[in-house]
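Note that numbering that gives the first Met the number 0 has the sequence shown beginning at 0, numbered continuously upward.
The hints are simulated quantities; they were obtained by calculation from the structure and are not laboratory data.
Where a beta carbon is used, it is the ideal one built from N, C-alpha and C, also for glycine.
Be a bit skeptical, because a hint or two may be false.
[Said to hold, decoys possible] Straight-line Cα separation of at most 25 Å, BS3-like style, residue types lysine-lysine; simulated pairs:
#1 K231 <-> K286
#2 K80 <-> K104
#3 K80 <-> K6
#4 K21 <-> K104
#5 K80 <-> K239
#6 K104 <-> K168
#7 K80 <-> K57
#8 K238 <-> K183
#9 K168 <-> K80
#10 K239 <-> K183
#11 K286 <-> K183
#12 K285 <-> K6
#13 K221 <-> K168
#14 K231 <-> K183
#15 K6 <-> K21
#16 K221 <-> K286
#17 K231 <-> K168
#18 K168 <-> K183
#19 K183 <-> K285
[Said to hold, decoys possible] Simulated restraints, written as ranges between beta carbons of each label pair:
#20 P133 <-> R198: 39 to 49 Å
#21 E7 <-> R243: 25 to 35 Å
#22 G93 <-> E252: 15 to 25 Å
#23 E252 <-> L66: 51 to 61 Å
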Amino acid sequence: MFSVTLKEIMDEFQLEELTGRKDFEEIEITSADVNRPGLQLAGYMEYFGTDRMQIIGKGETAYLMQLRESDRYRRLDNFFKCGFPCMVVARGLGVFPEMIEVGRKYNIPVLRTDDITSRFMSGVIRYLNVQLAPRTSMHGVLVEVYGEGILILGESGVGKSEIALELVKRGHRLVADDNVEIRKVSDRTLVGTAPDIIRHFIEIRGIGILDVKNLYGVGSVKMTENINLVIKLEPWNDKKIYDRLGLEDEFTEVLGLTVPCLTIPVSPGRNLAIIVEVAAMNNRQKKMGYNAAQALSERVLGNINKNNIYNNESGYMG
């Protein structure tokens, strides 16, 4: 179970605190879901998730405003005593004194944002989905090539970092070298990033550590990238038969999701940076519905069928 502190959320979204509580680093959010407590303010508490952030906007505020002060306090008291991480008031709306009072009573922070309710909710959900996503680390390199996130894997010394450096020189972007943190942010999407301590650094044997951002500029690096293709590098094996047509797609599994995968043999003289570029462009074409190997296969079969028809019509039996 992963968590994110309320302090991190407050810093990310510039939230204003109204109850005077200070220990926000001790409040942990463990659910990516948020809740607008319309039913709860009306008194219906069934199926109420107390681990969710609570957000109120214009509708909830208008409902509370039409209540008498005593009724408003009672409704808020019944709601706050259930316990939840925090209450966020959107649109910069005024906060009822009764809400501040019960927030202090149950030690629940009341926060405020100037953002509109729906936009703030979508932003928080997107942020929490990333921060709380299942994750793993893999030894490899992650680069962005023509808009495709390419995860390059292989044994130490096979040349992953050298390929990444060559790709950066050719105008592409480095995301992570040596250690790639991968998060499953949805049922279809994997996002990779670098650990903070080694972000934008790359190791080249014989030279040492290089700061890619300082050497090639901020346009040469990227903080995160979706993983669209996995390329596995391995030393060339003369006894192994490598795929030469690409008619059958290969996949690998990462955090329970299948990702297109290629195995590329490494040998002296092969320009692997260009091969990775072509692999990225070919992967984009496949996602758009075009497969060059299948197109060639259909063309060959079409020519064979034409020749058979011609031979049958001419009576040639050769």
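Against the structure, the hints:
no. : hint                      : verdict
1   : K231 <-> K286             : holds (20 Å)
2   : K80 <-> K104              : holds (9 Å)
3   : K80 <-> K6                : holds (22 Å)
4   : K21 <-> K104              : holds (15 Å)
5   : K80 <-> K239              : violated (67 Å)
6   : K104 <-> K168             : violated (59 Å)
7   : K80 <-> K57               : holds (23 Å)
8   : K238 <-> K183             : violated (37 Å)
9   : K168 <-> K80              : violated (59 Å)
10  : K239 <-> K183             : violated (33 Å)
11  : K286 <-> K183             : holds (20 Å)
12  : K285 <-> K6               : violated (43 Å)
13  : K221 <-> K168             : holds (15 Å)
14  : K231 <-> K183             : holds (20 Å)
15  : K6 <-> K21                : holds (9 Å)
16  : K221 <-> K286             : holds (23 Å)
17  : K231 <-> K168             : holds (22 Å)
18  : K168 <-> K183             : violated (30 Å)
19  : K183 <-> K285             : holds (23 Å)
20  : P133 <-> R198: 39 to 49 Å : violated (21 Å)
21  : E7 <-> R243: 25 to 35 Å   : violated (50 Å)
22  : G93 <-> E252: 15 to 25 Å  : violated (52 Å)
23  : E252 <-> L66: 51 to 61 Å  : holds (54 Å)
Of the numbered hints listed earlier, those contradicted by the structure are 5, 6, 8, 9, 10, 12, 18, 20, 21 and 22.
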